[in-house]
Every structure is written in structure tokens, then in C-alpha cells.
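Student: Turn these sequences into a full structure, and let the hints steer you where they fit.
These are the residues of each chain, in order.
Protein chains: 4
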Amino acid sequence: MLTNRQIIRIEWGDCDPAGIVYFPRYFEFFDACTRALFEQAGFFKRDMLKTYGIAGIPVVDLKTRFIVPSRFGDDVTVVSSVAKWGDSSFVVRHRLMKGEAMAIECFETRVWVAHPDGDPEEFEARSIPEEVKRKFGVVEPQREE
Amino acid sequence: MLTNRQIIRIEWGDCDPAGIVYFPRYFEFFDACTRALFEQAGFFKRDMLKTYGIAGIPVVDLKTRFIVPSRFGDDVTVVSSVAKWGDSSFVVRHRLMKGEAMAIECFETRVWVAHPDGDPEEFEARSIPEEVKRKFGVVEPQREE
Amino acid sequence: MLTNRQIIRIEWGDCDPAGIVYFPRYFEFFDACTRALFEQAGFFKRDMLKTYGIAGIPVVDLKTRFIVPSRFGDDVTVVSSVAKWGDSSFVVRHRLMKGEAMAIECFETRVWVAHPDGDPEEFEARSIPEEVKRKFGVVEPQREE
Amino acid sequence: MLTNRQIIRIEWGDCDPAGIVYFPRYFEFFDACTRALFEQAGFFKRDMLKTYGIAGIPVVDLKTRFIVPSRFGDDVTVVSSVAKWGDSSFVVRHRLMKGEAMAIECFETRVWVAHPDGDPEEFEARSIPEEVKRKFGVVEPQREE
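Heads up: the protein sequence lines correspond to chains C, U, R and E, in order. Under numbering that gives the first Met the number 0, the first residue of the first sequence carries the number 0, and numbering increases by one thereafter. Under numbering that gives the first Met the number 0, the first residue of the second sequence carries the number 0, and numbering increases by one thereafter. Under numbering that gives the first Met the number 0, the first residue of the third sequence carries the number 0, and numbering increases by one thereafter. Under numbering that gives the first Met the number 0, the first residue of the fourth sequence carries the number 0, and numbering increases by one thereafter.
Think of the hints as simulated: they come from the structure by calculation, not from any bench. Each hint should be verified, as a subset may be incorrect.
What the hints assert, rightly or not - Okay, derived cross-link-like pairs now, DSS-like style, lysine-lysine, Cα gap no bigger than 25 Å in a straight line:
no., chain 1, residue 1, chain 2, residue 2
1, R, Lys62, E, Lys83
2, U, Lys49, C, Lys62
3, U, Lys44, R, Lys83
4, R, Lys132, R, Lys83
5, R, Lys62, R, Lys97
6, R, Lys62, E, Lys62
7, E, Lys62, R, Lys83
8, E, Lys97, C, Lys44
Tutor: The following block contains the structure:
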């Protein structure tokens with residue numbers, strides 16, 4: 000299973016007056032880690048949008064447990080992989096590690112969407128191409144035909 | 000039950016290249032709405048931290064469904080209330096409304112924490128004072144004494 | 000001269016471990032204030048982009064003095080107006096006031112840009128329509144013809 | 000002269016609906032680059048604050064020219080160095096490079112500040128220790144005494 004590891008330095012500006020990461024910043028980290036995971040699979044976002052004619056892979060569901068806080072100056076590692084593939088959606092699991100300890104666990108459900116009829120204001124879910132899933136190591140189920 | 004309604008203008012800078020809100024921004028909105036909810040209950044954050052000797056009310060669990068996207072120029076309303084009180088934690092429910100439609104639903108679990116022994120690098124859960132809960136309309140359970 | 004006044008509540012998440020606003024946040028405030036100033040002149044950004052076929056009004060030069068810091072819980076007022084109009088650029092002056100004191104002064108130079116030939120990756124300066132300037136109270140110079 | 004080079008990947012979430020970096024994000028980059036420059040000089044921010052008893056090095060003046068926009072997926076390099084040392088302030092120059100072209104030039108003036116009498120709500124400029132300047136390659140001027 001394709002897994003991405005990203006070391007992130009917690010910056011002063013990521014932290015709040017309590018000196019720990021202001022929680023919305025973690026989702027910026029995780030979004031970048033999903034991007035990096037796709038890149039590891041061979042999909043550079045700017046090209047991917049063009050190649051597949053999609054508008055993006057927006058998050059539609061998010062479940063996150065914050066277990067241990069992080070402070071500016073900390074180096075943390077985010078380990079990311081796709082936990083589940085659906086037809087038009089998929090779930091990315093991110094684990095933010097501080098050494099051996101899992102400090103945060105996040106499950107992002109994202110959808111493969113396009114603009115129907117090229118209308119930039121509308122979004123419509125599309126089936127994720129099999130070749131995309133294959134690049135993540137998904138073995139195509141055998142179909143009886 | 001105490002409820003806060005906050006109208007939020009979606010700004011250009013809240014949005015991503017798809018023209019819709021970059022999802023981590025929503026958590027900045029919700030955090031501000033929790034602050035506003037407490038203020039409505041009579042707790043101005045800066046004073047509250049001093050009065051109760053706490054370091055903050057960090058989020059430890061987050062569950063969010065993103066149903067309808069929002070775009071720059073939209074005015075949305077966030078309706079917030081405390082859905083559940085525990086001893087040292089509580090759950091805030093935010094509903095981001097676009098007209099009559101619920102566009103996002105978020106459940107934030109937060110903990111009432113202090114720095115043990117004044118050590119600014121450590122955090123420890125504390126019991127939420129009954130007077131805080133009362134200000135939110137919580138009726139204290141009858142205790143047999 | 001058209002002037003916009005915007006009251007901004009400094010949020011917990013706007014502040015850094017020193018308890019004061021993390022300076023990049025101010026530029027998010029100012030960007031929203033420029034948007035509000037245009038709206039006061041009758042230009043709703045989403046419509047304005049369509050009406051005039053522009054891609055935006057990006058900042059090309061910024062000069063800012065930070066005089067007094069602000070802390071979470073502060074209510075500050077940003078007073079904004081166009082200090083100067085050029086052919087394709089203009090300068091917005093923002094003053095962030097804490098009571099009577101000017102806490103920050105910022106000069107944003109912005110350019111009226113379009114995508115040449117509809118190419119979304121290219122930007123080209125365009126002359127600002129006279130009707131836009133007029134709405135801001137600019138008296139058109141008399142031309143001898 | 001000590002110089003720091005930092006490669007930064009422009010993320011989707013750094014960009015606005017025009018597909019280019021939302022300008023306040025650049026200041027987050029530059030702030031992180033100033034941090035990295037200090038680290039290269041041997042000063043890890045968390046330790047530096049403790050060692051010298053300071054509250055931070057807030058920005059008091061900012062001058063920035065935005066010459067070429069950047070888009071998500073771009074890798075840019077920020078070259079940072081201290082352009083000038085004063086008694087209690089210093090100027091950091093950041094150049095954001097896209098290949099050989101300077102896309103942004105920013106001059107950040109920062110002040111070395113402490114909390115007078117330990118009051119966390121007050122800030123006071125302090126003389127920058129000579130050993131800090133020396134680590135950046137500043138040769139101490141000869142004094143006649």
C-alpha cells in the first residue's frame with residue numbers, strides 16, 4: 000500500500016497563544032500530505048486536474064482525534080495512505096507522529112469531482128479512473144463478464 | 000439552550016483555485032463561533048482564561064460533514080450551541096447554513112485544560128466549573144446529600 | 000472620498016505564542032477591507048470580475064508600518080480608502096485604529112488585471128474603467144478635445 | 000554573510016480563486032524563512048526566547064514588491080539574509096526566486112523585544128546581544144575607549 004511520510008516543522012505562526020498548534024493548521028498540513036501522496040503515486044495535482052478534467056478532490060467528511068499537542072519548533076512526521084477506495088470517493092488516513100507516538104489521527108473522505116457542462120460554479124461526483132487506483136496499488140477486482 | 004448565530008462573509012482569500020472555501024478555513028470560522036457562543040454566555044475569552052486559571056479549551060475530537068460548498072461573496076450563517084457537557088469536556092455543534100440548507104455540520108469536542116504547576120508546556124484536563132455550565136442554561140442535577 | 004470602516008474582532012487563532020496578532024493575518028484583514036471598500040462603491044467582487052472581464056486586483060506593492068500590537072479579544076477598526084488612482088493601478092491605504100491611535104498603516108498597490116486571450120495562467124494589466132473610479136468619487140480630469 | 004535558501008512548494012491551499020498565491024501566505028513563508036535563517040546561525044527559536052529572555056522578534060515594518068505570481072505546484076526558492084543590523088532592530092531581506100527570476104522582494108524590519116517586568120501584555124525593545132550578531136557574521140566595530 001502506497002504510503003507517504005512527510006516531516007513537518009511546526010512554525011511559530013502555526014501556533015496560538017497557548018503555544019500549541021492552532022488546530023485548523025493541521026488540516027492545511029494534511030491537505031498538503033494528500034497532495035504529496037498523490038504525487039508519490041505519479042499524479043502532480045496541476046496536471047491531474049487537466050488530464051482527468053476534474054475540478055478537484057474536495058473533502059466531504061472529516062474525522063479527527065487530537066491526542067497530543069505540538070509546539071513551535073517541533074518536527075513531526077505525517078504518515079498518509081488511502082484507507083479505502085469507493086467509486087467516486089476515497090478515504091485518506093493521516094497519522095501525525097511525534098516520535099513513536101501517534102499525536103493525531105485524521106480520516107479525510109474526498110470526492111473526485113468535475114464541473115458539469117464546464118460550469119465553474121457546479122460540482123458533480125465522477126467515477127475515479129481505475130488507472131488512478133492502480134497507481135496506488137489497488138488490485139482491480141476480478142469481474143465476471 | 001443557548002445558541003449563537005453568526006453571519007460570515009466568505010472572502011476571496013478563504014477560497015481555493017476551485018473558487019470554493021478551502022476547508023481548513025471553516026475551522027477558523029467555527030473556532031470564532033465557539034468564542035462568540037461563550038461570549039454570549041458571558042465569558043470573554045481573555046478574562047475567562049484568567050478567572051478560571053485555564054490555558055484554553057483545545058479541540059480533542061472533530062467530526063465534520065461538508066454537504067454544500069460555499070464561494071467567495073456568499074454570506075453564510077453559523078448556528079452554534081453546546082450539544083453535550085461532560086465533566087472536563089464538552090461538545091459544540093456548529094451548523095453552517097446557506098439559507099435553509101445545512102451546508103456543513105461540525106461537532107467539536109473541547110477540553111477545559113490548565114497548565115499543571117504553572118508549567119506552560121504541560122496541559123491537564125480540569126473539571127468545568129458548574130457556574131460555567133449554568134450560564135449556558137444547564138440545569139444542575141439534583142444531588143442527594 | 001469614499002472611506003470604509005470595518006470593525007474587526009481579533010480572534011485567538013489570529014494570534015501567535017506571544018499572544019499578539021501573527022502579522023500575515025493583518026493582510027487577510029486588509030484584503031477583506033479592500034473588498035468591503037469596493038462593495039461600498041457598488042462593486043460586489045464576484046460580479047465585478049464578470050462585468051469587467053478581469054481576473055482580480057492582485058497586490059503588487061505593499062508598505063506597512065506596525066506601530067502597536069493587538070491581542071485576541073481586541074476590537075479594532077480598519078479605515079480604508081483609495082489614496083491614489085493610476086491608469087491600471089491604484090493604492091489603497093488602510094489604517095488600523097485602536098481607539099484614537101493608529102496601530103498599523105498599510106499602503107497596498109493593486110493592479111487591474113485580465114487573462115490575455117482567456118489563458119487562465121497569464122495575467123495582463125488593463126486600464127481601470129472610468130466608471131469604476133467615478134464610483135469612488137474620482138472627478139474625471141477635464142480633457143481638451 | 001549568512002544566507003538561507005529554502006525551497007517551498009506552493010500548495011493548493013496557498014492559492015486563491017485566480018489560481019495564484021493569496022499574498023498574505025507569502026508572509027507566512029517569509030516568517031518561516033527568517034526562523035530558518037536564525038536556525039542556520041545556531042539559534043533555535045524556542046531556545047533563543049529562553050536564553051535571551053525575549054518575547055519574540057516581531058515585524059515593525061514591511062516593504063514588499065510582488066513581481067511575478069506563483070501558482071500551486073510551483074517550487075520556489077526563498078533566499079534570506081540580514082541586510083542591516085541596528086541596536087535593537089534588524090532588516091531581513093527575502094528574495095523569492097522562480098528559477099533565475101526574482102518574483103518577490105521583501106524587506107522585514109524586526110525588533111528584539113522583551114516583556115518589561117515580566118508583564119506578558121507589554122513589549123519593550125532591547126539591544127540585540129553582540130553574540131547574536133556575530134553568529135550572523137557581523138564584525139564588531141572597533142570602539143575607542
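Student: Does each hint hold? Answer for all of them.
Tutor: Tested hints:
no.	hint	in the structure
1	R:Lys62 x E:Lys83	holds (18 Å)
2	U:Lys49 x C:Lys62	violated (32 Å)
3	U:Lys44 x R:Lys83	violated (40 Å)
4	R:Lys132 x R:Lys83	holds (10 Å)
5	R:Lys62 x R:Lys97	holds (20 Å)
6	R:Lys62 x E:Lys62	holds (5 Å)
7	E:Lys62 x R:Lys83	holds (18 Å)
8	E:Lys97 x C:Lys44	holds (19 Å)
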